[in-house]
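Peer 1: Please take these sequences and the hints and turn them into a complete structure.
Residue numbers (the numbering used here), protein chains in the order written: chain A, 1 to 223; chain B, 1001 to 1463.
These aren't lab readings, by the way, just hints derived from the structure by calculation. C-beta: ideal position from N, C-alpha, C; glycine also. A portion of the hints provided could be inaccurate.
Claimed, not checked - FRET-style restraints, in silico, Cβ to Cβ: (1) W116(A) with S1413(B): 19 to 25 Å; (2) L19(A) with F1087(B): 39 to 45 Å; (3) I1237(B) with S154(A): 49 to 55 Å; (4) K1224(B) with V9(A): 24 to 30 Å; (5) R1009(B) with S123(A): 50 to 56 Å.
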Amino acid sequence: MGITSKPVVFAVLSAVVILIGTTVTVFVPLFMPSTQPVSAYIQPYTAVELEGRDIYMREGCNNCHTQTVRPLRTEVLRYGEYSKAEEFAYDRPFLWGSRRTGPDLNRIGGKYPDSWHYKHMQSPQGMFEKSNMPPYGWLAKNRLDTTHSYKKTSILDYGYSENDVRQQITQYHATVTDGAYPSKESRDQVTPPELRQELTEMDAMIAYLQKLGRDVKNLEAKK
Amino acid sequence: MSEAGYNYRIVRGFAFSALFWLVIGLVVGLWIAVEMFNPALNFTPWLSFGRLRVVHTNGLGLGFGLAGIFATAYYILQRLTRTPIPFPRLAQAHLYLFNTAIALAALSLFAGMNTTKEYAELEWPLDIGVVIFWVMFAINVFGTLIKRQEKQMYISLWYIIAMTVTIAVLYIVNNLEIPVTLFKSYSIYAGANDANVEWWYGHNIVGFIFTVPVLAMFYYFLPKATGLPIFSHRLSIVSFWALIFAYLWTGAHHLMLTPLPEWIQTVAIAFSIFLIAPSWGSVVNGYYTLQGNWDQMRSNYLVKFFIVGITFYGLQTLQGPLQGLRTLNAFFHYTDWVVGHVHMGTMGWVTMVISASFYYMIPRISNTELYSIKLANTHFWLILVGQLIWTITMWIGGIQQGAMWKATNPDGSLMYNFLDSVTSLYPYYRIRFAAGVVYFIGILVFAWNLIMTVRQQPQQSEA
Chain A
1 MGITSKPVVF AVLSAVVILI GTTVTVFVPL FMPSTQPVSA YIQPYTAVEL EGRDIYMREG
61 CNNCHTQTVR PLRTEVLRYG EYSKAEEFAY DRPFLWGSRR TGPDLNRIGG KYPDSWHYKH
121 MQSPQGMFEK SNMPPYGWLA KNRLDTTHSY KKTSILDYGY SENDVRQQIT QYHATVTDGA
181 YPSKESRDQV TPPELRQELT EMDAMIAYLQ KLGRDVKNLE AKK
Chain B
1001 MSEAGYNYRI VRGFAFSALF WLVIGLVVGL WIAVEMFNPA LNFTPWLSFG RLRVVHTNGL
1061 GLGFGLAGIF ATAYYILQRL TRTPIPFPRL AQAHLYLFNT AIALAALSLF AGMNTTKEYA
1121 ELEWPLDIGV VIFWVMFAIN VFGTLIKRQE KQMYISLWYI IAMTVTIAVL YIVNNLEIPV
1181 TLFKSYSIYA GANDANVEWW YGHNIVGFIF TVPVLAMFYY FLPKATGLPI FSHRLSIVSF
1241 WALIFAYLWT GAHHLMLTPL PEWIQTVAIA FSIFLIAPSW GSVVNGYYTL QGNWDQMRSN
1301 YLVKFFIVGI TFYGLQTLQG PLQGLRTLNA FFHYTDWVVG HVHMGTMGWV TMVISASFYY
1361 MIPRISNTEL YSIKLANTHF WLILVGQLIW TITMWIGGIQ QGAMWKATNP DGSLMYNFLD
1421 SVTSLYPYYR IRFAAGVVYF IGILVFAWNL IMTVRQQPQQ SEA
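Peer 2: Rendered as structure tokens:
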């Protein structure tokens, strides 16, 4: 056999062989708009939601929570409308996950009020005695770092101006620090006094969770 | 240095790096195994499950797995070509850079610098480090092959070549990202495309780290350890090309019933089923190599590692394609069944074959005998029993959880809430932890046996 005495030819041939399947199933779909459609009813994340998403990634939440509802009867019953490709046009990276130690989160937005999330993140066991979720109360003790928010949204091509980003942050800050904020009591319980007038990592995380599936739910509501 | 001028220092360096990362990775594994039923162990942010799980997978996959591959590849390359590696200093630098990169990887993952793409969680500066040490390795691989003294390249060398080329392609394509800061980046792909690229990578990184180079070890060390030639050269040629061709089409079976276009999923199912053939080609080749010499299972302590290892490989490559079928996937996906599946491959096949390869290799490069065959046998039984209890427990737990998710009342409503399906698994998680301890003790015996082997006085003449 000639080829087993020619290492360079062997390597080149191996590369060609592995690139056939790669090209057909990965490279070609990258250039097909139907793989990742973009739809007007799906909004990109606001700067605060994006910061929350980055914290979700930092804490590895994707190791226990998926973000894809499959088109199966019991799954739709449990979580809601199954996931559509266009919902993920702004997800870089995707966060579909591979194991459900906890429930799927793709339809978590709007399911519970913010106050539920503040209490649950602070102490999952306080709410569900036997839950195995780690507590994340310490997120409320960290001031949200928005230094790179504009840079992040521009890398992701969300089309926000620097002013838009500043406004989104100011607006969400105003919402959660407002005396009339419906979840004020729970927020104050988990947030140390010196941070109650600031945006915390917990605030951003909850903003992100509330965004998951929101656009789809709004669309369903209009039908 | 041996009489032929082979560089064994690098082999030893990587072998003991592998042992080090193996022990670290398993300690983290045991810790998160307890967190699964006792969340009180999430003491601090950096000890929380979400961060530790990636330390476990990267520590064992990249730390233990790659170091074991490098150790055996440097050995096999030199022996099969009868040529010392041409750039020993580069190899030494490869060893240092590798261990530095893995240590920094562990620290950065503890700190939450995590791109979240499975088995590619490292942030971009470390990705560059990985690519650099891979190129350093590749230079020695091809340098040795080009200068080789032996005309024909044996089967193991094909697998090493395929791995060297493919890992480079996989790693670079999947890790293309735009940096925000030194510690943060975003993938260049969005949504379904990112998922498709990631699982093309995720499936094949398993294929080309946990299958291809482990087959290189199997094809080299099994004949060496038994003194028996491989059963069929022709079968190994067909298996090799069919395996590396088909593997790359199958990543999307990890994305069954997700928003990824259906045709990609269906193509992946078809090729996954096809993949049974070349996988079993190697299994059959291994079994038939022992034809007429099965007494070696009893008389030769190394043989049972290889044969039981290839058996788990055979089971793994049947179970995998079946899990990819839509109907079965709808039931098993996202449950602990898959966790059991992965661990049969890693704790069974990969660790068994790397263990036996080290047992064969380390005494020879140290001019000595293995410290204790009795301990090696103890190690074998502990990791076999530990792994079996571990994986079977997870399969049962997975079936239970899958069934609870699907169960409905006569009126069509769901029978169980999600939390019920989690808490009902805690007894299994306790058993899994106990099995992990048994396995871990087996690994400690393994490490101890090798450390004592190299600490013995070298013998005057090589056996």
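Peer 1: Now, for every hint given, state plainly whether the structure supports it.
Peer 2: Hints versus structure:
1. W116(A) with S1413(B): 19 to 25 Å: 22 Å, holds
2. L19(A) with F1087(B): 39 to 45 Å: 28 Å, violated
3. I1237(B) with S154(A): 49 to 55 Å: 52 Å, holds
4. K1224(B) with V9(A): 24 to 30 Å: 27 Å, holds
5. R1009(B) with S123(A): 50 to 56 Å: 53 Å, holds
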